[in-house]
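**Q** Residue-level listing of the chains:
There are 2 protein chains.
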Amino acid sequence: MLAPEEQLRIIKSGVFEIKPEELLIKKLKRDEPLNIKLGVDPTAPDIHIGHAVPLRKLRAFQDLGHHVTLIIGDGTALIGDPSGRNSTRPQLTSEQVAANAQTYVNQAFKILDPEKTTLRHNSEWLLSMGLEDILKVTGLFTVARILERDDFSKRYNGNLPIGVHEFLYPIMQAYDSVMIKADVELGGTDQLFNLMAGRELMEKMGMEPQVCLTLPLLEGTDGVRKMSKSYGNYVGLTDEPADMFGKVMSIPDEIMVKYFRLASTLSVDEIDSIEAGLAAGELHPNKVKRQLAANIVAAYHGEEAAGAAEADFDRVFKNHDAPKDIPEFAADLTPNDEGKVYLAKLIADAGLAKSAGEARRLIDGGGVKVNGAAIPAKEYNVDPSMLAGAVLQVGKRKFVRLA
Amino acid sequence: MLAPEEQLRIIKSGVFEIKPEELLIKKLKRDEPLNIKLGVDPTAPDIHIGHAVPLRKLRAFQDLGHHVTLIIGDGTALIGDPSGRNSTRPQLTSEQVAANAQTYVNQAFKILDPEKTTLRHNSEWLLSMGLEDILKVTGLFTVARILERDDFSKRYNGNLPIGVHEFLYPIMQAYDSVMIKADVELGGTDQLFNLMAGRELMEKMGMEPQVCLTLPLLEGTDGVRKMSKSYGNYVGLTDEPADMFGKVMSIPDEIMVKYFRLASTLSVDEIDSIEAGLAAGELHPNKVKRQLAANIVAAYHGEEAAGAAEADFDRVFKNHDAPKDIPEFAADLTPNDEGKVYLAKLIADAGLAKSAGEARRLIDGGGVKVNGAAIPAKEYNVDPSMLAGAVLQVGKRKFVRLA
Numbered sequence: 001m002l003a004p005e006e007q008l009r010i011i012k013s014g015v016f017e018i019k020p021e022e023l024l025i026k027k028l029k030r031d032e033p034l035n036i037k038l039g040v041d042p043t044a045p046d047i048h049i050g051h052a053v054p055l056r057k058l059r060a061f062q063d064l065g066h067h068v069t070l071i072i073g074d075g076t077a078l079i080g081d082p083s084g085r086n087s088t089r090p091q092l093t094s095e096q097v098a099a100n101a102q103t104y105v106n107q108a109f110k111i112l113d114p115e116k117t118t119l120r121h122n123s124e125w126l127l128s129m130g131l132e133d134i135l136k137v138t139g140l141f142t143v144a145r146i147l148e149r150d151d152f153s154k155r156y157n158g159n160l161p162i163g164v165h166e167f168l169y170p171i172m173q174a175y176d177s178v179m180i181k182a183d184v185e186l187g188g189t190d191q192l193f194n195l196m197a198g199r200e201l202m203e204k205m206g207m208e209p210q211v212c213l214t215l216p217l218l219e220g221t222d223g224v225r226k227m228s229k230s231y232g233n234y235v236g237l238t239d240e241p242a243d244m245f246g247k248v249m250s251i252p253d254e255i256m257v258k259y260f261r262l263a264s265t266l267s268v269d270e271i272d273s274i275e276a277g278l279a280a281g282e283l284h285p286n287k288v289k290r291q292l293a294a295n296i297v298a299a300y301h302g303e304e305a306a307g308a309a310e311a312d313f314d315r316v317f318k319n320h321d322a323p324k325d326i327p328e329f330a331a332d333l334t335p336n337d338e339g340k341v342y343l344a345k346l347i348a349d350a351g352l353a354k355s356a357g358e359a360r361r362l363i364d365g366g367g368v369k370v371n372g373a374a375i376p377a378k379e380y381n382v383d384p385s386m387l388a389g390a391v392l393q394v395g396k397r398k399f400v401r402l403a
Numbered sequence: 001m002l003a004p005e006e007q008l009r010i011i012k013s014g015v016f017e018i019k020p021e022e023l024l025i026k027k028l029k030r031d032e033p034l035n036i037k038l039g040v041d042p043t044a045p046d047i048h049i050g051h052a053v054p055l056r057k058l059r060a061f062q063d064l065g066h067h068v069t070l071i072i073g074d075g076t077a078l079i080g081d082p083s084g085r086n087s088t089r090p091q092l093t094s095e096q097v098a099a100n101a102q103t104y105v106n107q108a109f110k111i112l113d114p115e116k117t118t119l120r121h122n123s124e125w126l127l128s129m130g131l132e133d134i135l136k137v138t139g140l141f142t143v144a145r146i147l148e149r150d151d152f153s154k155r156y157n158g159n160l161p162i163g164v165h166e167f168l169y170p171i172m173q174a175y176d177s178v179m180i181k182a183d184v185e186l187g188g189t190d191q192l193f194n195l196m197a198g199r200e201l202m203e204k205m206g207m208e209p210q211v212c213l214t215l216p217l218l219e220g221t222d223g224v225r226k227m228s229k230s231y232g233n234y235v236g237l238t239d240e241p242a243d244m245f246g247k248v249m250s251i252p253d254e255i256m257v258k259y260f261r262l263a264s265t266l267s268v269d270e271i272d273s274i275e276a277g278l279a280a281g282e283l284h285p286n287k288v289k290r291q292l293a294a295n296i297v298a299a300y301h302g303e304e305a306a307g308a309a310e311a312d313f314d315r316v317f318k319n320h321d322a323p324k325d326i327p328e329f330a331a332d333l334t335p336n337d338e339g340k341v342y343l344a345k346l347i348a349d350a351g352l353a354k355s356a357g358e359a360r361r362l363i364d365g366g367g368v369k370v371n372g373a374a375i376p377a378k379e380y381n382v383d384p385s386m387l388a389g390a391v392l393q394v395g396k397r398k399f400v401r402l403a
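Top to bottom, those sequences are chains B and D.
Take this note's numbering: the last position of the first sequence gets the number 403, and nothing is skipped along the way.
Take this note's numbering: the last position of the second sequence gets the number 403, and nothing is skipped along the way.
Mixed in with the good hints, there may be bad ones.
No copy labels: a pair is met if it fits in one copy or bridges any two.
As the list claims (entries may be wrong) - No more than 30 Å apart at the CA atoms, straight line, and that leaves these computed lysine-lysine pairs for DSS-like:
| id | residue 1 | residue 2 |
| --- | --- | --- |
| 1 | K204 | K340 |
| 2 | K369 | K258 |
| 3 | K258 | K398 |
| 4 | K287 | K110 |
| 5 | K229 | K345 |
| 6 | K154 | K398 |
| 7 | K181 | K136 |
Don't read these hints as lab results, they were simulated from the structure.
Let the hints inform the model, and build the full structure from the sequences given.
**A** And the structure:
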């Protein structure tokens, strides 16, 4: 294994916070594989490269020789993680959870090394807990401690209901850390409370506590809001190569390095050198962004597909002849009550389809692209930020630039 | 069965509150035996006539033809009822709970009609609940609703810890009402929140909710504080007949009628007539109090023992010769830091024992009485209100009146 200091340098790349760092160093100094935990709430099956940020960091730990325990929260999913929510989540059925979990795992193993991954389902220990066991564990936390949680205190002080069952969530996922004897637990910054609860419970139960490692949320392709399916600013792990390439190419230059650190397969040294090159003006941002896009496509679809996606992108966007031919269309991007623009109607207004109905069918068939990325079926309403100044393409030949 | 209105009159005697009364009338009008619930937390084995107040009311329901379900809270006792507490109760072991429960049941059947009583242990359904079941039930309550509970909100606002497991208490005992399909649940006024939670849960689970019936707390023999072993102002169900008689005779006249309503076996008509007789000055308070004392002793030890206890009491106190002979002793009744007077030293100071050590041994042997009631073994420190103006007796012949 690499020296602890060198390991720490690699681990820290892109990380928001390590609590406490000294304990991580102490653990690394033992020169034995650590057990790195990631708990996954299988509430939504499709994952995007924002969700994949902790998976990439797990992979970095694996490449350093450590072991990963991926916990599918099929037990906790019956509660629903209240993190960052201002209302109670609908409780899922076991069938929904199982289906979501399978889809998630298939996608996660595009990133993780299966040889160094143990897959566990927390239903294994949580669903066999009886009232007595639950009382023993919940008795180790106070109501005030759980109410300190940012989202809970906001809801409590705002007179929004919190179900008593939601109080059990952070405690039960903390119990996961006890069960698998985690050395480090990873999560987004919004998971810090849950991670710290795991640390606290391990200590209260007389174990060496885990180190909590949080990763920043990845901004979506708009560079402003966090990546989310509902904002339409995401790059899905199962997106087609050309879409994926086009979407990454649409991100603002300012967040390229962050994307490299959190979403690419490049080494820390390579990223450090890119960052320095950009800062010194030695590297051209557009060239760097193409490298990023190609890397991300290759990670999920292979080198060949990445090459083809890049060529496809060039044909449409880089080819200096084509853009000149694209007519401009002064689109009305005023959002509706839900903050969206009805894209189907806009397509018809721009003369790219005979009616909004036809435009909807074209969207469903994958024939509508914005900046080279296909609009998913049924997404007839999109975020205006996606459209401003973008190239709207219908079929192979019809283009307008939205002005 | 009696007419609903007549039943209601009997049920209401001595009761603090019925919520809602209209629903009780509706249930009574069905002219079928109702299922009356009392949940018992077997945390302390010995019970006194204050604890027995709801048992007496259950007996009244039984005498009207209704059925009682007595729930031994051996499941909930693993949590510990937080009612009226300002700190977390220590959690009991299953063995302690089982032993306490047996002692309680033996005493409860001195009052209840076994033919009309079903004994259930809530461990039967609570301990077989898994996480999923617990989530379903706890999800029907909000954190804010449970924090409304007087004792919880006091602790929360006073920064005193509340264990998360304590939140499960009112919910789990509410679930008892669902399991046994209670029509009415009885409890002390301090149990109103728990009772209402049962009502709420039954409604949320689509059942006809129970009626909540609360009974006032019974003052102890000092007539001021609630009856409690720790205040030394209690009449235990297993007290010897003479002690029991003497203790009841020591209560202030003002609370006699309340004792009749809550602790005697007399009918509502008899009690109404006693209350009227006292108010009109037609009955002598002392004579009435003797009737009360004799009734309570007879209820637990039989008529014969009651007669003997009364004769014993007369020999010492009523005999006009004896009191004249009793010397007065100006005792120092200044309480110590714990609000108690060290009785053993007082006995020695009064010349009734050679030393505090000897006085302690006399107390342990049952040879020390205050107003005819023996001081229990090891109770060397007593409440000053018990002693002011009282006759202190050591052995058969030594008396002083404390001035």
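**Q** Decide, hint by hint, whether the structure agrees.
**A** Structure-based check of all given hints:
Taking identical chains as interchangeable, the C-alpha atoms of K204 and K340 are never at most 30 Å apart, the minima being 49 Å within one chain and 38 Å between chains. Taking the shortest alpha-carbon separations for K369 and K258, only the intra-copy value of 26 Å comes in at or below 30 Å, while the best inter-copy value is 84 Å. Proximity of K258 and K398 under a CA criterion of 30 Å is satisfied in neither setting, with 34 Å inside one chain copy and 92 Å between copies. In this assembly of identical chains, the alpha carbons of K287 and K110 lie at most 30 Å apart only when taken from the same copy (26 Å versus 91 Å across copies).
Taking identical chains as interchangeable, the C-alpha atoms of K229 and K345 lie at most 30 Å apart only when both belong to the same chain, with a minimum of 22 Å there against 80 Å between chains. For a Cα distance limit of 30 Å, the shortest separation of K154 from K398 qualifies neither inside one copy, at 49 Å, nor across copies, at 69 Å. When the C-alpha separation of K181 and K136 is checked against a cutoff of 30 Å, the pair qualifies both within a copy, at 18 Å, and between copies, at 29 Å.
Hints 1, 3 and 6 from the list above are not met by this structure, while the remaining hints are.
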